[in-house]
Amino acid sequence: MINLNNIWTVAVYERKTLFRSWFFRIFSILTLLILFSMNMGVFAEPGARWTPRAIPANIPYLNVLFVNVAQAVIAVFLASDFLRRDKKLDTTEVIYARPISNGEYVTGKTLGIMILFTGLVVAILLMALVFNLILKDTPVEWMAYLLYPLLISIPTLTFILGLSFFLMILLRSQAVTFIVLLGYIGLTLFYFKDKLNGLLDYMGFYYPMVYSDLIGFADQNSILLQRGVYFLLGIACIFATIRFLSRLPQTGRWNMVNLFAFLLFAAAGGSLGYMFHNQHRTHDQDRREFVQINNAWAHFPLADVLSNDLAVEQKGRRILVTSTVMLANRNEEQLDTLVFSLNPGFRVDSITGRQGAVEFEKHRQLLLVQPEGGLAPGGRMVLTLYSRGIPDPDIAYLDVPEKKRSSLKRIILATVDKLPGIMDPEYILLTREMLWYPLAGVGFNKVTYQPAVQDFSRFTLSVTPGRGLIPVAPGQVEEDGEGTYRFRPEQPLSALPLVIGPFVKMSRTVDEVEYHIYLKEKHDFFSGFFPNLSDTLDVLLKEAKDDYEYDELDLYYPFRRMNLVETPVQFHPYERPYSQYVEMVQPEMIFMPERGAGLSTLDFNRLKRGEARRNRERNNSRSEEEMETDLFRHFITNTFFDTGTRVGGGFRSRGEDLINYSVGNLYSTNPYSAFPLYYNLVAGIRSDEYPAFNAMIETYLKEGYEISPRESFRGGISDSERANLALRDEGLLEIFARKNQDLIANAIYQSGSFIINALHNRVGRSEFDSFLYYYLEDHAFTDITFSQFENDFRDAFDVEISPYMDFLTSGTELPEFLVSAPEYIQTRDEYGDVYVVRMKISNTGGSSGLIDLTFRMPGQGGFGPGGMDTEQRLYEIGAGRTKDAQLVFYSAPRVLTVNTLLSGNIPSSFSIFLRSATEKSVANLEEYARDAETAVNMYTEGEIVVDNEDRGFSFVSVSNESKVKKFIDSRKEENDRINYHTMNPWWTPATWTPVAHSAMFGQTIRSALVVRSGDGSNTARWHTMMEQAGFYEVHVYIPVSAMLGGSSGRGRGEGRGMGGGGRPGGPEFADRGTVYHYTVASNEGTEEVEFALDRPEDGWNLLGTFHFPADTAEVTLTNNTNGSRVVADAVKWVPKE
Amino acid sequence: MEIRISNLEKTYPGGFKALNNINLTIGNGMFGLLGPNGAGKSTLMRILVTLMQHTSGEVTIDGMDINTHRREVRRMVGYLPQDFRFFTRLRSWEFLDYTARLGGMNNKKERHARIDEMLTSVGLYEFRNRMANKLSGGMKRRLGIAQALIASPRIIIVDEPTTGLDPEERIRFRNLLSDLGRSDTIIILSTHIVGDISSTCNQMALLNEGELVYRGTPDELVERTRGCVWSAEVTQEQYDQLKDVYPVISTIPSGAGWEIQFVGEKPAHIDAREVPPNLEHAYVHYMENNFKHWDL
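First to last, the sequence lines map onto chains X and B.
Residues 1 to 1137 (our numbering) make up the first sequence, in order.
Residues 10001 to 10296 (our numbering) make up the second sequence, in order.
Wrong hints could be hidden among the right ones.
[Stated by the list, open to error] The following label-pair restraints were derived from C-beta to C-beta distances:
1. B:G10063 / X:N255: 20 to 28 Å
2. B:G10014 / X:L126: 50 to 58 Å
3. X:L187 / B:G10137: 43 to 51 Å
4. X:V73 / B:Q10053: 35 to 43 Å
5. X:N221 / B:G10063: 52 to 60 Å
6. B:E10126 / X:V73: 48 to 56 Å
7. B:E10126 / X:F260: 46 to 54 Å
8. B:E10126 / X:G252: 40 to 48 Å
9. X:G119 / B:G10137: 52 to 60 Å
10. B:G10014 / X:N221: 47 to 55 Å
11. B:Q10053 / X:F260: 19 to 27 Å
12. B:G10137 / X:M143: 54 to 62 Å
13. X:G119 / B:G10063: 34 to 42 Å
14. X:G119 / B:N10278: 58 to 66 Å
[As the list claims (entries may be wrong)] Some chain B residues well away from chain X (every beta-carbon gap over 10 Å; in silico):
15. T10011
16. T10025
17. G10027
18. Y10079
19. G10104
20. T10163
21. L10180
22. S10231
[Stated by the list, open to error] List of simulated lysine-lysine pairs, DSBU-like, C-alpha gap at most 35 Å:
23. B:K10109 / B:K10134
24. B:K10109 / X:K16
25. B:K10243 / X:K16
26. X:K542 / X:K505
27. X:K16 / B:K10134
28. X:K520 / X:K446
29. X:K362 / X:K505
30. B:K10140 / B:K10108
31. B:K10109 / B:K10140
32. X:K362 / X:K446
33. X:K608 / X:K883
34. B:K10108 / X:K16
These are calculated hints, taken from the structure and not from any lab test.
No experiment lies behind these values; they were computed from the predicted model shown.
Note that beta-carbon positions come from the ideal geometry of N, C-alpha and C, so glycine has one too.
Generate coordinates for the entire structure from the input sequences, incorporating the hints supplied.
So this is what it looks like as structure tokens:
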């Protein structure tokens, strides 16, 4: 019999002993202090952000999460310390000699520690509760105070205690056990993280467990499985400890019982783990299968859905959907099988047509309907589909790579699930992505990689929601008095969202647009911030909208309504690299996370305090109403009407992070932007052949394609150059097939920028814009195909678009530009000084290209930022063609930045300083860019130049690195498929590595090679054939401006101060004092030349004059140097007169 | 009550034989277990209190095999280990409460009364709230015996209880045990201090190198040594010669030389007088002669 009294006695005294230890007391006090500070800083401090406390359950969650990690570490120490004492000292023998079983003893011990730590958790939760009660804007989520300790603390403690006891018994050394366990904890926190879908995360540190005020946990079954694994394994370890405790068992038969219990619990824990893993694996398998099905039907001709009348009835999580679709066959052939996609979670009960039941087949998401006699070309047909089920979210976002789907979304440390749709008895959220109504054709597939542009269909929707719930969908709504709501959208839609939730509605009508906010009762945390705005709100709303429409877009809001709908924080639509459209925005609708969690523009409390502080600093010059006005404008403009750009590293809007989920860039563009309500949900140019065209137009309308005159002085290659090189090697569709989302986005941007600028160049910018905007207005809510658009464009301008698009298919060479050194002339006309720049530009590449020349001249603000005036010229130059250009200015240009846009040039953009103009008279002051006969020649007659990109260059790379270092280096290489690097003054590779920088020598690719200094076994060799014997000057190219940075010299005392090629006040020349060892060789002999980089020229440097026979001549450079690295660029032989 | 030990052997995993063919019967009263360090006393004790498994042989208590009736044995036994330290963060009375509860004293009132009684009898009542690790060495020993006795065990096993105690503490301790020894209780006292046994035990055994070399009463053992203990006055030179041959028990400076006591055959060339033996003499005699003899 188990003696509970014994267990309790041991627990009581273990707890007492542990509680009195200084170690525990100090730990507890520290934990309380740290958590007090955390609560102060994260939740209570006046400037604390809104997001963490927007979800009330986050207060207990974050507290439990933090204390959980801390106590896992301490529990390990205490547990192993306890058993160590048991082993060494005789104190325990006094206890061991008592009539208590091993099971009672170990259980009592575990219980004692658990009680104590649970007490600590309770103390911390009480503290959190006090904070929670003080925070007037955050209600107490009582359930969370119970659930988090149960789900996080108890399984963690059980597991770590059990594991510590068991390991201590196995390893018999406290130190080893402690190190092993600390290592394990470290591994869990820093390496395992959320690997295997979070299965290895025994602390639940990364596991998504945010508790929504709308739906609670997103997936409580998975949480129970994941936590259950560790709870059961912990118990298994405790039984193992009992079984293997180094004390004679009270009775022999318990040995077997304990062993059995150990195996049973271990197997149960393992089974839960397997179930958990299997569940996720099934999701992955399902998704793969969905794609395979789509692949098989990707090319099948489809019927168009002209209209869809939907009736939805909610039964808890389950919904019944009746869909009456009118179909048209616009193909030239008859359709015997109609292909639809419908969520795999739905069962189709029946399909009826005009003549009764229609045969169909549903497999997963694929619905094949075989109407009798088929659908003839030009024919129409009405079908009614009866389906029911719980929509399966796995069908959504099949194109989004696993890495992106599994990336963590966290609020501080609280991990949030990412659900593409919500199916909760209290809240339903369905978007087109969830395939909740039948859509013609199949979705994402690996045959076409098509980003689907959906057809517009006419919808009606009637919804019977669950008790107490209200549905939200686009269109005019009427309730029939019996709990059924009918929605009639005024326009055809490309997507129909449906939300059913426990909403209250706030409404107002401004300028004929109805604005509704749907949110849960008591979730209005914002109205109180605008007590003085009730009269002016309408005006402010209209102003902000008008500003956006007139100033930013030149497009107009086409819907009658605008609904802001509160969603559970777990709702997460993904963005796509080929579009800036995120499903956060729907026709007539923008989803907002519950209580504004994650949106810093909704952090009114903090923003208002900042505003009030600034007002105090300005002697209270502004009224309450003015400050509220600013706050409201800030919210509207930055949340919905922002103009944040996408390309160029993460989403930023006017210097502020809007989406402040702390980990990972979840969105590269603002998902709440209203832009899709003006374009993506209103129009769309679909094309099987050129699927990216729509995205290019979208980016143009939203952001425009500004040609950036900026140039990176860091060297290496930029994201746009990387995209260029990818486009050189592959077509746009092949790039789509790769999973690198940044590359896809950049490639689309580069291509879009090229095409739109080329079209501007051909037809004129304002003409192009005028055409486009009228076209979109005329074709709103209709399907536009690329060929239709191109035909209309051709009719208007007599210009073809497809040749530019064809250029993006694979196997096309990119343009490459050579730009001659500009001739800079100062002259006069009757009005004053005139500056003329003459230059020659050749396109040596395989296709026509665009080149932009931006001239900067000091404006009224001088050279400072924003003080420069710029003038831009854009030329299209055909493959193999050369242009002679003369450009005329009335103020002196100082810098010319050449941007070759989409080209094979590295760098694609570079600057030329126009230092002093030559005064001479110019007869013709007309600007021109006329075709020239001869291409740009970068070299002077008679000179022989060998660059590192030329055939005459070769190198020998020998690495003496250890295997580990080689492995690390090779991993670095693998991560970077495109191999021009940035020179790093602190670290140089051990083998010759290509680097790029505009200061380096090169025709279209300005690059060099760099290697770490060594014993001289790494050599670079430039060789050429001398046609004439004689004396030649040998020059070597030292790209000084590319070699700036901190002092890189190892073992060099000098090198401080102003460097040889460095600019005053800028970074210094990093290689000053380095001596390069060259060998100049011919069949007449070799000569060693030492060249010290004391004050080298930024460019060609004379090595010496040598005699060469009419035979092979070569120059060799080794990496044997006193400096840290050697750069090999180009060598020039200049015949001596 | 009777403890019967038959053919008991204990071999440690390394092959070291700690106990070899021990046969012993222990009845009520005080039983002394004497032997040098490493003789196997603690091993025997740990086997008796079920902390260690013997390799072969049998131990029964009132006919119950201790291997198969551990719970019953543990209920009967009060144990004070040799090198006894306490949980550092428990008060004296808490420690007694802990062991009393584990000993099966579930009635709180009775338990508390018993704790007070034990604390009084070991003279620690006024220190009942002192942390156990703050007690002096003697107090700790007394607290140790208190915890062994708290649940009124029928077998009390104390391992080297007087080591490190001052004479006063030691006498007090012996008296405490003697008082208990009069009841229906077996008290096994393991020690290498002969005085502990001579003053308290009516039965004893001698262990050496894992083997039982004597069992009987202390008086019998003393009687066997009669005629072998001598006292003499010797010069320094004589003393140097003598101590190489005889175990010298005491050496007191006297006049020009030493007044010494030694154990062995009477030496021919020295004027020695016979002294009546005590247990200490007997132990030394046994150690020096019988054991060596046995070994041979």
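Consistency of the hints with the structure:
Checked against the hint of 20 to 28 Å, the pair G10063 of chain B and N255 of chain X passes, with Cβ atoms roughly 24 Å apart. Checked against the hint of 50 to 58 Å, the pair G10014 of chain B and L126 of chain X passes, with Cβ atoms roughly 55 Å apart. For L187 of chain X and G10137 of chain B, the Cβ-Cβ distance of about 47 Å falls inside the hinted range of 43 to 51 Å, so the restraint holds. The hinted range of 35 to 43 Å is satisfied by V73 of chain X and Q10053 of chain B, whose Cβ atoms lie roughly 37 Å apart.
For the pair N221 of chain X and G10063 of chain B, the beta carbons lie near 58 Å from each other, so the given range of 52 to 60 Å is met. Between E10126 of chain B and V73 of chain X the Cβ separation comes to about 42 Å, which falls outside the hinted range of 48 to 56 Å. At roughly 51 Å, the beta-carbon separation of E10126 of chain B and F260 of chain X lies within the given 46 to 54 Å, and the hint holds. Checked against the hint of 40 to 48 Å, the C-beta distance between E10126 of chain B and G252 of chain X comes to roughly 45 Å, which is consistent with it.
For G119 of chain X and G10137 of chain B, the hinted distance range of 52 to 60 Å is not satisfied, since their beta carbons lie about 36 Å from each other. In this structure the supplied range 47 to 55 Å holds for G10014 of chain B paired with N221 of chain X, their Cβ-Cβ distance being about 54 Å. Checked against the hint of 19 to 27 Å, the pair Q10053 of chain B and F260 of chain X passes, with Cβ atoms roughly 22 Å apart. Between G10137 of chain B and M143 of chain X the C-beta distance comes to about 56 Å, which sits within the given range of 54 to 62 Å.
Taking 34 to 42 Å as the suggested C-beta distance range, the pair G119 of chain X and G10063 of chain B does not conform, at roughly 48 Å. The beta-carbon spacing between G119 of chain X and N10278 of chain B, approximately 60 Å, falls within the hinted interval of 58 to 66 Å. The claim that T10011 of chain B lies off the interface holds: its Cβ sits roughly 17 Å from the closest Cβ of chain X, which is beyond the 10 Å cut-off. T10025 of chain B, annotated as away from the interface, keeps every beta carbon of chain X farther than 10 Å; the closest lies near 22 Å.
Look at G10027 of chain B: its CB is around 22 Å from the nearest CB on chain X, clear of 10 Å, so calling it non-interface holds up. Once the 10 Å rule is applied to beta carbons, Y10079 of chain B is inconsistent with being away from chain X; the minimum gap is 4 Å. With a minimum CB-CB distance of about 6 Å to chain X, G10104 of chain B fails to clear the 10 Å threshold, and the non-interface call is violated. Listed as outside the interface, T10163 of chain B is consistent with that label: its C-beta sits roughly 13 Å from the nearest C-beta of chain X, beyond the 10 Å cut-off.
Every C-beta of chain X lies more than 10 Å from that of L10180 of chain B, the closest at about 18 Å, which supports listing it as non-interface. The claim that S10231 of chain B lies off the interface holds: its Cβ sits roughly 42 Å from the closest Cβ of chain X, which is beyond the 10 Å cut-off. For the hint linking K10109 of chain B to K10134 of chain B, the alpha-carbon distance of about 27 Å falls within 35 Å, and the restraint holds. A threshold of 35 Å between alpha carbons decides the hint, and for K10109 of chain B with K16 of chain X the separation of about 21 Å falls inside it, so the pair holds.
The hinted pair formed by K10243 of chain B and K16 of chain X fails the criterion: a straight-line CA distance of about 57 Å is larger than 35 Å. A C-alpha spacing of about 20 Å is found between K542 of chain X and K505 of chain X, which places the hinted pair at or below 35 Å, so the restraint holds. In summary, the hint linking K16 of chain X to K10134 of chain B is supported, as the alpha carbons are separated by about 17 Å, within the 35 Å threshold. Distance hint between K520 of chain X and K446 of chain X is unfulfilled; the C-alpha atoms sit about 41 Å from each other, more than 35 Å.
Annotation: proposed proximity of K362 of chain X to K505 of chain X is violated, straight-line Cα distance about 39 Å (limit 35 Å). Among the hinted pairs, K10140 of chain B with K10108 of chain B is consistent with the structure: their alpha-carbon atoms are about 24 Å apart, no more than 35 Å. Among the hinted pairs, K10109 of chain B with K10140 of chain B is consistent with the structure: their alpha-carbon atoms are about 25 Å apart, no more than 35 Å. Using a Cα cut-off of 35 Å, the hinted pair K362 of chain X and K446 of chain X holds, with the two alpha carbons roughly 21 Å apart.
For the suggested pair K608 of chain X and K883 of chain X, the alpha carbons sit about 58 Å apart, so the restraint of at most 35 Å is broken. Restraint check: the Cα-Cα separation between K10108 of chain B and K16 of chain X comes to about 18 Å, which is no more than 35 Å; the hinted pair holds.
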